[in-house]
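Visitor: So the sequences go chain by chain: F and Y. Note that the working numbering has the first sequence beginning at 17, numbered continuously upward. Note that the working numbering has the second sequence beginning at 13, numbered continuously upward.
It is worth saying that the hints were derived from the structure and are not from the lab. Since the model is a prediction, treat every value here as computed from it, not as a measurement. A few of these clues could be false.
Said to hold, decoys possible - With the C-beta cut set under 7 Å, the calculated list includes, among others, these residues of chain Y facing chain F: (1) ARG53; (2) LEU55; (3) HIS57; (4) ILE59; (5) ASN64; (6) ALA94; (7) ARG105; (8) GLY109; (9) PHE113; (10) GLN115; (11) GLY116.
For every residue, glycine included, the Cβ atom is placed at its ideal position computed from N, Cα and C.
Okay, here's what each chain looks like letter by letter:
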Amino acid sequence: SAVISQKPSRDICQRGTSLTIQCQVDSQVTMMFWYRQQPGQSLTLIATANQGSEATYESGFVIDKFPISRPNLTFSTLTVSNMSPEDSSIYLCSALESSYNEQFFGPGTRLTVL
Amino acid sequence: SQQGEEDPQALSIQEGENATMNCSYKTSINNLQWYRQNSGRGLVHLILIRSNEREKHSGRLRVTLDTSKKSSSLLITASRAADTASYFCATDRDQGGKLIFGQGTELSVKP
Chain F
17 SAVISQKPSR DICQRGTSLT IQCQVDSQVT MMFWYRQQPG QSLTLIATAN QGSEATYESG
77 FVIDKFPISR PNLTFSTLTV SNMSPEDSSI YLCSALESSY NEQFFGPGTR LTVL
Chain Y
13 SQQGEEDPQA LSIQEGENAT MNCSYKTSIN NLQWYRQNSG RGLVHLILIR SNEREKHSGR
73 LRVTLDTSKK SSSLLITASR AADTASYFCA TDRDQGGKLI FGQGTELSVK P
């Protein structure tokens, strides 16, 4: 199974600032995704990180707020822009192993916005 | 949008007992996956069951899938205190990898 790491593991940020979260997979994967988990809630898909092209966003999420990069098959970043306290969540990246369709998750980034 | 609903929302049992969690979903699926999350950390992949499978085992875990009822269950046998966690089901409609998660079951196993 793919091993996924994320940096930072947690951060406390001031409102109005931006934070970039990095996601690294130990093998080449076809698809990578970003999810958000708000306090006490389940996970919601933010976007699909497409290698070499613009990410595909789900309803309710926009590129200006959550710009995503994926320069190669093992790495992606998610930026949370112009943060507000409502952005306080755990952000998780995931990778899809296409051979088995199993999706593995990183350890998450716990973001607190003051 | 959340496709899955899980019940119970919370479950408290004694060590050694079995724990059963249920997941229902609304649309047709390609596969269903179960995950464990400890204290707001990352998700640990437990098991994937495909739409053409009815039952799958992995160690102390047993997962069933009933596509006619659009439901799945996760059974943990001989539970341990270390099984204390939140458990989520997630469905993939079209192999595209876009998972839709249930609300989760919070399991507490008391020693």
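Visitor: May I ask you to test the interface hint for ALA94 (chain Y) with respect to chain F, counting a Cβ-Cβ separation under 7 Å as satisfied?
Guide: Hint on ALA94 (chain Y): violated, closest Cβ of chain F at ~18 Å, above 7 Å.
Visitor: Regarding the hint that GLY109 (chain Y) lies at the interface with chain F, is the smallest CB-CB distance below 7 Å?
Guide: 4 Å, holds
Visitor: Take the shortest C-beta to C-beta distance between ILE59 (chain Y) and chain F; is it under 7 Å?
Guide: 9 Å, violated
Visitor: Should the interface hint for ARG105 (chain Y) be scored as holding, given a Cβ-Cβ cut-off of 7 Å against chain F?
Guide: 12 Å, violated
Visitor: Hold the hint about HIS57 (chain Y) up to the distance rule: shortest CB distance to chain F must be less than 7 Å.
Guide: 6 Å, holds
Visitor: Please check whether PHE113 (chain Y) passes as an interface residue: C-beta within 7 Å of a C-beta belonging to chain F.
Guide: 5 Å, holds
Visitor: For the hint on ARG53 (chain Y), does the least C-beta distance to chain F fall short of 7 Å?
Guide: 6 Å, holds
Visitor: With a cut-off of 7 Å, does the beta carbon of GLY116 (chain Y) approach a beta carbon of chain F closely enough for the hint to hold?
Guide: 5 Å, holds
Visitor: For the hint on GLN115 (chain Y), does the least C-beta distance to chain F fall short of 7 Å?
Guide: Check passed: Cβ of GLN115 (chain Y) comes within 5 Å of chain F, closer than 7 Å.
Visitor: Less than 7 Å between beta-carbons is the criterion; does LEU55 (chain Y) satisfy it with respect to chain F?
Guide: 4 Å, holds
Visitor: Interface hint check: ASN64 (chain Y), Cβ to nearest Cβ on chain F, cutoff 7 Å. Holds or violated?
Guide: 13 Å, violated
Hints 4, 5, 6 and 7 from the earlier list are contradicted by this structure; the remaining hints agree with it.
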